[in-house]
Amino acid sequence: DAKTTQPPSMDCAEGRAANLPCNHSTISGNEYVYWYRQIHSQGPQYIIHGLKNNETNEMASLIITEDRKSSTLILPHATLRDTAVYYCIAYFGNEKLTFGTGTRLTIIP
Amino acid sequence: ETGVTQSPTHLIKTRGQQVTLRCSSQSGHNTVSWYQQALGQGPQFIFQYYREEENGRGNFPPRFSGLQFPNYSSELNVNALELDDSALYLCASSLPTQETQYFGPGTRLLVL
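Those protein sequences? They're chains A and B, same order as listed. The first sequence: position 44 = 44 (our numbering), numbered continuously. The second sequence: position 108 = 108 (our numbering), numbered continuously.
Bound conformation, chain A alone (with noise of 0.2 Å):
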């Protein structure tokens, strides 16, 4: 799996959107970009995933670069329940997700 690179923590205002950056330089053409959530002391939350193409869910829209090095995700409108540490992953089939450290993200009234 290919290793992505987080910042350790963001703060966002509410409201506003929150865009978080991931690296992934080493991503495999195979390997898909999963975004998950975990909100303090819950199981992860499938949030999103992608490709090539950007996506949008109801959650968040997922802009992917064209080279696939990095990604980001946007959390539209922000809300205090958005804050959670939130983890980027390269991703290959029904295999093991290996996460790291993710980002906290807090969002302030």
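Hints listed in this document are in silico derivations from the structure and should not be mistaken for laboratory results. Please read all numbers here as calculations on a predicted model, not as lab measurements. Misleading hints may appear alongside valid ones.
Unchecked claim - Reference excerpt, derived from the structure (chain B facing chain A, CB under 8 Å, subset only): (1) Gln48; (2) Gly58; (3) Asn59; (4) Pro61; (5) Gly104.
Glycine included, C-beta positions come from ideal geometry on N, C-alpha and C.
Fit chain B to the known structure of chain A by using the hints.
For chain B alone, coordinates are given in the frame of chain A:
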């Protein structure tokens, strides 16, 4: 659709004891993965079960073992508990044809 459930939610054991943690997969999911999450760390892969067989294992000693049942539920057994086994144990289920793993709420184990 029922999500992934785990039991118990919390557990306290003493060093040297044995523990069994249980997981019921999401409806229709026949692959179950177990992860250990120490305080302040990301989850670490223990092993995965598919069709009642172990289908991949992380860097954990043999005293960590598992089972999967015909209804796809699963157990994680840990023998000879050590203090460092204190962690949140997570179960995730998925379909073999889809990559996305869905996690349960976890079991928090404290070893004294």
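Enumerated hints in conflict with the structure, sorted upward: Of the numbered hints given earlier, those the structure breaks are 3 and 4, listed in rising order.
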